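A.B. asks: Below, each chain spelled out in residue letters.
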Amino acid sequence: MEFLRSIYNWIDVRLGTHEIITEKRTGYLLPRNVNAWYSLGSVLLVIFALQVITGLLLMLYYVPDIDKAFDSVSFIMTEIPLGRLVRLFHAVGSSMMLLVLLLHMVSILFMGSYKSPRELHWLTGFILLLLAMGISLTGYLLPWNQLSFWATTVATDCVSSIPFFGESIVEMLRGGKQVGSHTIGRFYTLHVGMLPAVIAVLIGLHLFLIQRTGVSTPPFGLEDSRNQWKGKTFEYEEHPGGVPFFPNFFLQDMISISLYLACFMLFVFFFPDMFIPSISYVPANPLVTPSNIKPEWYFLANYQTLKLFPSEIIGLTVQAAAMAFLAFLPFIDRDPEKHPLKRPLFTVSAIGGILLWIGMTLWGLYS
Amino acid sequence: MRGWRIILILLALSAMPSTAALAVAPQVIVCIQCHAAQPGRLSKPVTLWQTSIHSDHGIACNACHGGDPMNAANSMSPASGFLGVPPPTSIPALCGGCHMGVTKHYMNSAHGIALGRGGPTCVTCHGSHAIVSASLALIDKKNCSSCHTFDKALMIRKAMVKTDRMLKAIEKRITVLKSQGIETDPLEMKLFSLRNRFHAMFHSLDVTLIRQESAHIQAEIEKTNGAGGVGTGHLVGVLAIGWALLAALLFSLIKKNID
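Chains as they are written, first to last, in the working numbering: chain A, 1 to 367; chain B, 1001 to 1259.
A hint or two may mislead.
[Unchecked claim] Okay, derived cross-link-like pairs now, BS3-like style, lysine-lysine, Cα gap no bigger than 25 Å in a straight line:
1. B:Lys1172 / B:Lys1158
2. A:Lys307 / A:Lys177
3. B:Lys1158 / B:Lys1168
4. B:Lys1256 / A:Lys24
5. A:Lys68 / A:Lys177
6. B:Lys1162 / B:Lys1152
7. A:Lys342 / A:Lys230
8. B:Lys1178 / A:Lys68
9. B:Lys1178 / A:Lys294
10. B:Lys1158 / A:Lys24
11. B:Lys1223 / B:Lys1255
12. B:Lys1168 / B:Lys1141
Bear in mind the hints are in silico, worked out from the structure with no lab data behind them. All figures in this text were calculated on a predicted structure; none of them were measured in a lab.
Please build the complete structure, drawing on both the sequences and the hints.
C.D. replies: Structure below.
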């Protein structure tokens, strides 16, 4: 014990670690009415870390070549000790990451945490959602099975609807007219290099913004639930007498992470077929189209919306408008009220929007 | 509009396999091209062959009849090895070119000894063009009783039922394992080997030998039970979930204490 203390002191006198722990963590106070939804950010950090670790392990054996990709994934699944588990962790983890990211954004929406001065927090979060969808899409193709090949063909084909540049963008993405050897190379580079780097930078920026402004106060349990930000000068949102991050909220983070891991492992061990159906074990064959092929669940609403409109441009414009509205919501919604029950128009619209998205996803799935 | 375009692209692509397959599949050979277009009995072998196990495995006309399947002018020339209809006495040797183990047992059996004296050849039971693979269904009263009584054939069939059922169970297990992405190649090779041994041995018509060999094969099959499975996957899952929930409970209790 004395030995450990001496090591701690040795580091402390050089780096001031004690100050970091006491002032930045124990002294870092969160709102008194902080709730469990606030821990979803930490859950997302754990998921991202798990995706990076499992991704790096898969890279040891994966070969990004159309003639070897499927066999290398089969080899990982069947020959490498714990390979099947690592692959399942990675595949299930990508869907879970998007699911938790969506839940995180929904909680921010209903608690009004995107309001001033946190417009940039929301915007970086929104870009992170798009990047997470991008990294999932690029990773989905890599096993080079029938499902991944055809789902990627359908998903990338949607981009061709963009007027004037659509076809060129699709060709740039695929590296040719069809999904093929150039596509797997491009998707692999994006999946393991570019997108993780950009995501890591944006996560850093997102956390930096939270550190600079302080954590927003939830609107629940307060008499005055309006946004207190004045907007004249920079102001750190203090929470005097609040909940210390360490150990109190750190423990809440740990509870949420543990519960997430329990749900995650439930899918990994008992329902992996939901994420890797049996058709995923058939090598990609560009000449044999499986029936009723669909993009991944997070693209189903977009896929169905495009099918719904008689014109591609209308379908695409509607989606672009909806995405732009969501991205710039903090700049559009200037109402200082944060409590969902005190802003019924917003709450009804938000619930309607979520139900519409779920409905379109289910319609896309069963159509 | 866009939906239609995707459908058209997918339809066009789905039409491609047959075109592409033609480039490599036996359908491209001149025998099929010519005979399929002929009326009546001349096209019948093609229709029958298309339903056969040989067709499933890409074994085409020239494998038995010889000739040059890629050259229309010389396809039926004796110089290119064309045999025409093989004489019955040469059939076991012809089939034995590929099915070696079977021929050895057959030639030593009562069937083989009677070859050329009215005894059955391979095609008597398996067919000549609509060739069917070996199965217990072939040992039936109607087939066997056309030459002799069914008693001994029935004894042989009974001796084979259990092993046959066990081999079919492995086949089913392989399908399930494949659908879970589990490597089945070693198990499939084992099944292939055992099934061949089992089918070959039947052709000896020696009930004692069949019983002995069946017992050996059954013992081999027993050894494959559990091979390729994920084993303790669910148990590990229960433990992992249990640990995660226990950790959540523990953190929750500590938090309650601190709050």
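A.B. asks: State the violated hints by number, sorted upward, taking the hints as numbered earlier in the document.
C.D. replies: The structure breaks hints 10 and 11; every other hint is satisfied.
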